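Following the hints, position chain B against chain A.
There are 2 protein chains.
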Amino acid sequence: MVKINENFLKLKKNYLFIDIAKRLKAYKAENPDKELIRMGIGDVTLPLAPVVVDAMKKAADEMGVKETFRGYEDSGAGYDFLRNAVSGYYKSFGVNVSPDDIRINDGAKADCGNIVDIFGDGNTVLITDPAYPVYVDSNAMSGRKIVFANSNEANGFAAMPDYNVHADIIYLCSPNNPTGSVYTKTQLKEWVDYALKNEAVIIFDSAYEAFISDPKLPRSIYAVEGAEKCAVEMCSLSKTAGFTGTRCGYTVIPSTLVVTASDGSEVKLADLWGRRQGSKFNGVSYPVQRAAEAVFSPEGQKQTREAIAYYKGNAKIMAETLDELGIKYTGGINSPYIWLKCPDGMNGWDFFDYLLKEIQVVGTPGDGFGPNGVGWFRLTAFGSRENTVEAMRRFKELLKK
Amino acid sequence: MVKINENFLKLKKNYLFIDIAKRLKAYKAENPDKELIRMGIGDVTLPLAPVVVDAMKKAADEMGVKETFRGYEDSGAGYDFLRNAVSGYYKSFGVNVSPDDIRINDGAKADCGNIVDIFGDGNTVLITDPAYPVYVDSNAMSGRKIVFANSNEANGFAAMPDYNVHADIIYLCSPNNPTGSVYTKTQLKEWVDYALKNEAVIIFDSAYEAFISDPKLPRSIYAVEGAEKCAVEMCSLSKTAGFTGTRCGYTVIPSTLVVTASDGSEVKLADLWGRRQGSKFNGVSYPVQRAAEAVFSPEGQKQTREAIAYYKGNAKIMAETLDELGIKYTGGINSPYIWLKCPDGMNGWDFFDYLLKEIQVVGTPGDGFGPNGVGWFRLTAFGSRENTVEAMRRFKELLKK
Numbered sequence: 001m002v003k004i005n006e007n008f009l010k011l012k013k014n015y016l017f018i019d020i021a022k023r024l025k026a027y028k029a030e031n032p033d034k035e036l037i038r039m040g041i042g043d044v045t046l047p048l049a050p051v052v053v054d055a056m057k058k059a060a061d062e063m064g065v066k067e068t069f070r071g072y073e074d075s076g077a078g079y080d081f082l083r084n085a086v087s088g089y090y091k092s093f094g095v096n097v098s099p100d101d102i103r104i105n106d107g108a109k110a111d112c113g114n115i116v117d118i119f120g121d122g123n124t125v126l127i128t129d130p131a132y133p134v135y136v137d138s139n140a141m142s143g144r145k146i147v148f149a150n151s152n153e154a155n156g157f158a159a160m161p162d163y164n165v166h167a168d169i170i171y172l173c174s175p176n177n178p179t180g181s182v183y184t185k186t187q188l189k190e191w192v193d194y195a196l197k198n199e200a201v202i203i204f205d206s207a208y209e210a211f212i213s214d215p216k217l218p219r220s221i222y223a224v225e226g227a228e229k230c231a232v233e234m235c236s237l238s239k240t241a242g243f244t245g246t247r248c249g250y251t252v253i254p255s256t257l258v259v260t261a262s263d264g265s266e267v268k269l270a271d272l273w274g275r276r277q278g279s280k281f282n283g284v285s286y287p288v289q290r291a292a293e294a295v296f297s298p299e300g301q302k303q304t305r306e307a308i309a310y311y312k313g314n315a316k317i318m319a320e321t322l323d324e325l326g327i328k329y330t331g332g333i334n335s336p337y338i339w340l341k342c343p344d345g346m347n348g349w350d351f352f353d354y355l356l357k358e359i360q361v362v363g364t365p366g367d368g369f370g371p372n373g374v375g376w377f378r379l380t381a382f383g384s385r386e387n388t389v390e391a392m393r394r395f396k397e398l399l400k401k
Numbered sequence: 402m403v404k405i406n407e408n409f410l411k412l413k414k415n416y417l418f419i420d421i422a423k424r425l426k427a428y429k430a431e432n433p434d435k436e437l438i439r440m441g442i443g444d445v446t447l448p449l450a451p452v453v454v455d456a457m458k459k460a461a462d463e464m465g466v467k468e469t470f471r472g473y474e475d476s477g478a479g480y481d482f483l484r485n486a487v488s489g490y491y492k493s494f495g496v497n498v499s500p501d502d503i504r505i506n507d508g509a510k511a512d513c514g515n516i517v518d519i520f521g522d523g524n525t526v527l528i529t530d531p532a533y534p535v536y537v538d539s540n541a542m543s544g545r546k547i548v549f550a551n552s553n554e555a556n557g558f559a560a561m562p563d564y565n566v567h568a569d570i571i572y573l574c575s576p577n578n579p580t581g582s583v584y585t586k587t588q589l590k591e592w593v594d595y596a597l598k599n600e601a602v603i604i605f606d607s608a609y610e611a612f613i614s615d616p617k618l619p620r621s622i623y624a625v626e627g628a629e630k631c632a633v634e635m636c637s638l639s640k641t642a643g644f645t646g647t648r649c650g651y652t653v654i655p656s657t658l659v660v661t662a663s664d665g666s667e668v669k670l671a672d673l674w675g676r677r678q679g680s681k682f683n684g685v686s687y688p689v690q691r692a693a694e695a696v697f698s699p700e701g702q703k704q705t706r707e708a709i710a711y712y713k714g715n716a717k718i719m720a721e722t723l724d725e726l727g728i729k730y731t732g733g734i735n736s737p738y739i740w741l742k743c744p745d746g747m748n749g750w751d752f753f754d755y756l757l758k759e760i761q762v763v764g765t766p767g768d769g770f771g772p773n774g775v776g777w778f779r780l781t782a783f784g785s786r787e788n789t790v791e792a793m794r795r796f797k798e799l800l801k802k
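Order-wise, the sequence lines are chains A and B.
Numbers 1 to 401, taken from this note's numbering, label the letters of the first sequence in order.
Numbers 402 to 802, taken from this note's numbering, label the letters of the second sequence in order.
It should be emphasised that the hints constitute simulated quantities derived from the structure, not laboratory data.
Treat the hints loosely; a few may be bogus.
[As the list claims (entries may be wrong)] Chain A regions said to be covered by chain B (calculated; three or more residues, Cβ under 8 Å):
(1) 4-10
(2) 43-55
(3) 59-65
(4) 127-138
(5) 256-265
(6) 343-352
What you are looking at is a predicted structure, and each value in this text was computed from that prediction instead of being measured.
Virtual Cβ for every residue (Gly too), placed ideally from N, Cα, C.
Extracted from the complex, chain A is given alone in its bound form (with noise of 0.2 Å):
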C-alpha cells in the first residue's frame, strides 16, 4: 500500500497567503458592495517596465521562427545572457559573483523549498521567528529539527545568533519579510561567523535588497568577508521588478562552498545543487529570460527603479501616520513592509478582522509568520500611492485616541 509522506499531515492546512484568500473570498461573498484595500500579500501591483515587455516580445517573435527558436537550454542553469546580467547587477552595488556560480530560477520561492532535498534529514535547521513559511513548512515536509531565533521587539525584530544553540542550516532573510528589518554589515558577518563556527551553511533570501537606499547595508550576504564559504544567496525579480506574475529569480552558490561528506570527501554544494536541478528542474522560459535579462540594462535599471521609488514613497506615507498615531513598528525605509505592533493588545487574526470589518483594508497577521509575530501585523508598501494615502486616512480615523 502507498504510504504518503507523513509529515504533511503535521502542517498547517493551507499556506498563509491561501487561508487569507479564503478569509476575504467569504467577506467579499457577505459584503459584495464593499471595497477592499489589499496591504496583504506581498503582491506588486504596478506593471512591468516597457523595455521588460518589448524583450519578452521580441523573444517570444524569435520563438516563432525556425532560425531563433531556441528549445531546451542545454544546462537548464539559465542562459549566459542573463547570468552574465545578474553578475553585473552584483556588481554595479560592489559585490562579485561570477556567472559561473549563478541559476537561475521560476522565483526564489520554489528554490528556498526545493534546496532541502541535498541535505540529509538528520540537520538542525535554524530559523529566524517570524519568518516567511516556506523555510519553515518545506522543512517541516521533510521531518527536520527545526530550531528558532527569536526576532522580537527588543532586538528590533533582528535575531542575532546564539552559540548555545547548534544549527546546520540557517534562514536569513534581510531585508526580512515580514518584520522590514535589515542587517548591517556587522550583523551579518557575525551570522557568517557563527556559520563557520558551526561548519552550517546559510541559506540567505535578499528577495528584498533593492528596497535598500542606505549605501551602508549590504544587499548582499556576499558584502561580507567569509561568506562565499558558507552562504547560499536566493533573489527574485518579484520585487525587484515587478515579476510576481512573470516568474523569474537566481540563487547564487559560490564553487568556493565545500561540504565535507561522511566518507571524507568534499562536495562542492553548487554541484549537488546542479545535479538536483539537472533531474528536476528544466530550466526558465526564454521569453522570460530576455524579459529579466532586460531588467538589468541601464534603461531596465532606470524604468524598475522608478517603481521602487513609488513603493518607498508609499512606506513613508505608511511610517508617517504610525508614528502620528504613535504605534511601534519596524521597517518602511529600507524595505516595502512595515510591521506594527497591534493596537489595544489584540493578536494579529484580530486585527486582521478588525481592520476588514471596519475600514476594508486587508493587511497580513503577524501570528501567520510564527509564534514571535503573534500581536503584529504586516503591511505592505506595493498598493497605489491612491490606496496607501485612503488607507492610512482610514488607519487614523479608526485608531486615533
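For chain B alone, coordinates are given in the frame of chain A:
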C-alpha cells in the same frame, strides 16, 4: 556540521543528456569543421505556432499596463482559462478530466521529480526499464527502494505487471520514452488492476500522447476504468506544441484518488500535492499560460498538429530505412522515438561514438536509460526533414552489409 543528502553521491554524476552534451562539445572542439546531425536529445526544432506567439505577445502587453497587469496567482494551480482549455482538450479525445483536478506546471519534468515529496520514503517504487532517467534519479535522491519491470525485445519493450512483485508507486510512460512502444487499452487496464490490487499509485507520463494517431490506442490513462482511483497523469506541451524552451505542462490528480494514512485517515492525494506546490511553487508565468491556452484553440490545434505530422513524417522515413537495413526497432508510428537494436552486438555508447565519428549523426545510447537499454539506441523524429533524410542516407551507406 551540515550533512548533505548522501543519496546524491550514489547517483551517476551527470544527468544523461548533460553527459551527451559534454561528449559533443569535446568532439566539436576537435572537429570544428564537422557538421553534426542531432537526433539525440528529444528536443523539437520547429518554431512555436503563430497563434501561440501572438497570444504570448498579447499577454506581455497586458503585463505592461496597470489595469491588466497580473501578479501572483491566488492558487498557483494555473489560471482557470488554461485549466478549462486542458480539460476541453481531454474531452476532444473522449476523456473526462475536471478542470479542478488539473494543476498547470512549468513542464512535466519538474512535477515528475517533485511529486516524490508527498510520498513516504518507505515505498517500493516500480519503474519500467529502460526509462526516462528522472524517475529513477528522483527516487534514488530520496533513497527509496526501486524495483524494475523489464521492457525488452521479447515483450516489445512494453513491460507488464508481475503479481509476484509488490510495488507502491509505479511509473509508466506511454508512448514510451525511450522505446516508442505504446500500451494498448487492455495492457493499461492490466496495470490499473495491478495498482488497485496493490493499493499503489501510478504516475503516468503521457508527454507523447499527441503522437498517437491510432484511435484505438489510449492517449490518457483515464481512458481506462479504475484509473481515476489510482493514477496521476503528467503531460507537457513540450512535444505537443514545441514548448521545450517555453515551459508549460500539467498534472492531473483526480479528487477520487484517496490514500489511507497510518492513522487510518483518508487523504486526497491532490490535497497533499496542492500543499506541496503551495509552499514550493508559485505558478507559471502568465504570458506562458496564455501561450499554452492558444495551443488548445481550434486554430492552435490546427497549427500544432501540422508540426506533429511533420515529425511523424520523419519517423516514417527512419522506420523505412531501418526496415530496409533489416535493423530491429520499436516505435516510430505513434511515437516520435525510434528504438533500435545496435548492429554487430555493439553497446549503446560504442554505437554512439561510432555514429558520431563515422557519419556525425548524434543519437542517444540506450544504456543511459537502464540495463535493458544496453545494446539499444534511441533516435528521435524531431529533426528537420532535410537532416532526417541525410542522416538516413548516411545510415544506409554505413550500415548496409
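Numbers of the earlier hints that this structure fails to satisfy, in rising order: Hint 6 contradicted; others consistent.
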